[in-house]
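Chains as they are written, first to last, in my numbering: chain A, 1 to 222; chain B, 223 to 355.
Honestly, the hints are just simulated from the structure, not real lab data.
Predicted model only: the values in this text are computed from it and were never measured.
Built from N, CA and C at the ideal position, the CB exists for glycine as well.
Where hints are given, some of them may not hold.
[Unchecked claim] Examples of chain A residues lying across from chain B (beta carbon under 8 Å, computed):
no.	residue
1	Glu5
2	Asn7
3	Leu52
4	Val184
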Amino acid sequence: MVAIEQNILAKNDGYAEQNRALLRERRIFALNLVSSPGSGKTTLLVRTIEALRSRCPVTVIEGDQQTANDAERIRATGVPALQINTGKGCHLDAHMVGAALREMKLPQQGFLFIENVGNLVCPAAFDLGEAHKVAILSVTEGEDKPLKYPDMFLAADVMLLNKCDLLPYVRFDVELAVANALRVNPTLAVFQVSAETGQGFDDWLAWLDSGLAALALTAASG
Amino acid sequence: MHELSLCEDIIDQLTALTRRHGAKGVARVSVRIGALAGVEPMLLEQAFQSARIDTVAERAEFHTEWVKTRVSCLACGMDAETAPNDLRCPACGSHDTKLTRGEELTLASVELLVPEPEVDPVSLDCIPAPRGH
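Turn these sequences into a full structure, and let the hints steer you where they fit.
Structure follows, in structure tokens:
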């Protein structure tokens with residue numbers, strides 16, 4: 001019997017570190033967006049891009065099992081987007097993202113959004129080289145989702161509570177949802193937003209800007 | 223179903239180990255799974271049954287060890303087991319905790335099939351000839 005104690009995800013994590021080093025060198029603040037299907041990820045991303053693109057270059061990698069619909073929606077905003085189709089695969093991995101990064105023309109400084117496959121389970125385990133995972137929960141889902149899928153809400157550093165414009169019409173207890181999320185991940189940052197109306201976007205955009213600024217600072221001192 | 227892609231990674235690591243140790247194959251694999259590693263042990267085991275075909279682990283026995291979540295409380299100093307979906311300190315209720323166990327996904331140990339020792343012709347030459355005559 002040989003004791004090994006080897007990380008099973010070592011290969012993926014190695015690729016993720018390569019991606020992270022490349023992104024750091026380019027001063028690109030990369031976010032991995034994760035959620036269930038239908039949480040409004042792409043709509044949220046489109047609105048975020050529209051707010052950011054005049055200030056800073058934005059690049060997008062889209063992961064879906066099939067179709068290039070989401071990449072087309074992103075390209076319509078005028079920013080470059082590359083679609084990865086995972087086929088039967090349930091998540092993006094660091095190797096796929098690394099290949100996409102090599103294929104794309106990356107700017108010097110800016111934002112990279114990686115929209116993961118809509119799935120609250122598998123993408124939690126895979127580091128893609130992002131600065132943060134951002135989990136999106138919408139008010140048309142249940143308040144207990146963080147308790148049902150703790151792995152994902154623990155892996156994320158930020159939770160966007162989306163579709164808040166629908167709160168008058170749905171039975172959803174915001175306080176309870178936030179408390180549940182904080183039970184699973186005590187250091188989670190939470191923003192209440194609506195991709196439809198732009199509610200709460202000032203705080204979300206300010207958080208993005210501060211992340212990019214901090215990255216530029218570390219890159220300058222490093 | 224990312225369990226199948228994890229099994230491919232496990233098989234790759236087993237293949238490398240087998241080669242490094244000059245073994246014939248793998249007799250037993252033990253994998254440690256944290257309660258927050260995003261992996262279901264039963265699904266991983268099922269996936270392993272199909273991933274191992276035609277590999278060094280074809281005859282390997284698969285074993286999993288489940289690791290419960292533990293937190294260390296930065297407020298009261300308590301180190302305790304918690305539910306995977308409630309990382310607050312079970313003693314004082316503080317949110318200021320650090321997860322110490324439960325995220326691991328580790329190839330813990332491996333039992334290799336070692337080839338039968340062959341009689342080394344060089345060492346045969348070293349056996350002293352019988353005395354006498």
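Here is how each hint holds up against the structure:
1. Glu5: Constraint on Glu5 of chain A satisfied, holds at 6 Å.
2. Asn7: 6 Å, holds
3. Leu52: Check failed: Cβ of Leu52 of chain A comes no nearer than 30 Å to chain B, outside 8 Å.
4. Val184: 5 Å, holds
Of the numbered hints listed earlier, the single one contradicted by the structure is hint 3.
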